[in-house]
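Dock chain Z against chain X, hints included.
Note that the protein sequences, when read in sequence, are chains X and Z. FYI, in my numbering the residues of the first sequence are 98 to 259. FYI, in my numbering the residues of the second sequence are 105 to 266.
Please keep in mind that the hints were generated in silico from the structure rather than gathered at the bench. Be a bit skeptical, because a hint or two may be false.
[Said to hold, decoys possible] Distance windows between CB atoms, simulated:
1) F106/X x L177/Z: 42 to 52 Å
2) Q108/X x I209/Z: 40 to 50 Å
3) F163/X x L177/Z: 15 to 25 Å
Ideal Cβ positions, reconstructed from N, Cα and C, are used throughout, including at glycine.
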Amino acid sequence: MLKTLIDHFVQWCYYSKDYAFIRDTPYGVPSVQSLHLAGITMLLGTMLVLNLRLLGVGFRRLELPFLAEQLWPWVKAGMALTIVSGILVFLPDPTRYAHNGPFRIKMSLLCVSLLYQFLVFRRVIRTVPEASSRGRNVALSAMSLCLWFGVAWSGRAIAFFQ
Amino acid sequence: MDLHSVLDWLQHTGWAVGLKQSDFMFPLVEGSHILSLSFSVGMVMILDMRLLRISFRSQRVSLMMQQLMPWTLTGFGVMMVTGLLLFAAQAVKVYGNTFFRIKVILMVLAGLNALYYQLKYYPKMAEWEQGSTPVGARIIAVLSLVFWFGVIACGRTMAYEL
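Pulled out of the complex, with its shape left as it was, chain X reads as follows (with noise of 0.2 Å):
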C-alpha cells in the first residue's frame, strides 16, 4: 500500500515537466544543491552554538536565553532553506532517491528531529541551563546534536551508498 503511493507520487514528479528544467539544465542541480549546502551551514552553525552553550562548553559569557531569541531566526531561515532546495532536488530526480536506504534513514531522522525541535528543543533553550542538572542538559544536547547530524550524515551517504 504505502509502496504503491510511494511509486506513482514518483512517477507523477518525474513526468511533471514542472521540474525538468532543473534536471535538464547544466546548473540546475549544482545550484539547487549549493544553496542547501548553505542552508545546511547556517542551521548547523546556529544549532551548534546553542548545543555548545546548553552543554556548558562554549558561548558561557553569553546567556542561552538570550542566544536562542538572536539565533532562533537564522535557525528557522536555515531550515526553510534547507528544506525547500532539498525537496527541489529530490522532485526532479525522485527514483534516484525514493528507494535510496540512506535517504528513507535522513527522511525518517529528519521528522523525528523537526518534532524534538518544535515540541522539546525550543522551550528547553528559553530556559537557564544553570537551573537544571548537567545530565539532564547533556541528554537534551546530545539528542539534539545525534539527530541533526545524523540526518546531514545520512545525506551526505546518499551518494555513497545504495
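Quick look at chain Z alone, frame taken from chain X:
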C-alpha cells in the same frame, strides 16, 4: 620535475590510493570536510551578522569574536586537513577542475578580506564596537558572506562533470 608529475606522484602515494579506494574512509573524510562547515563558515556568518548589526546588537564585537573564534578556527583546521587529504586522493583531476580553481581564488580573497579586517578594524575595535559599525567593516562583512557562499557553491559544484 613539473607540477603534473608532482600531483601524479601525490595521488599514487600509498595512503592517497588507500583513501581513494576505501569504502569507509573516503566518505568519512569527505563528510567531515563538508559538515565542519557548520563550525567554520556557520560561525563566521554569525560574526558577519553582528558586524552588520542584524543580530547580537547589544553585545560588543570583541566579546562575540572571543566566544566564536575557538570554534571557527577548529572548524577551519578540520576543513584544511580533510581538504588536503581529499585533494591528495584525486590530485590531477581536482587540480584541472575549473570550480576547484575558482574555489581556491575565493578562499584567498576571503582570507585577505579577514586579514584586512584584523589589520585595519580589529586594533581600534574599542572605539566603535558599542555603536555603529564603520562602513568599511560592513563591506568586509558582506564580502565575507559572498566569498564564503561562493566557496560552498564551487566546492559542491566540483562534484559534477561540467
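Here's how the hints hold up against the structure:
1. F106/X x L177/Z: 42 to 52 Å: 45 Å, holds
2. Q108/X x I209/Z: 40 to 50 Å: 43 Å, holds
3. F163/X x L177/Z: 15 to 25 Å: 24 Å, holds
Consistency with the previously given hints is maintained throughout, with no hint failing.
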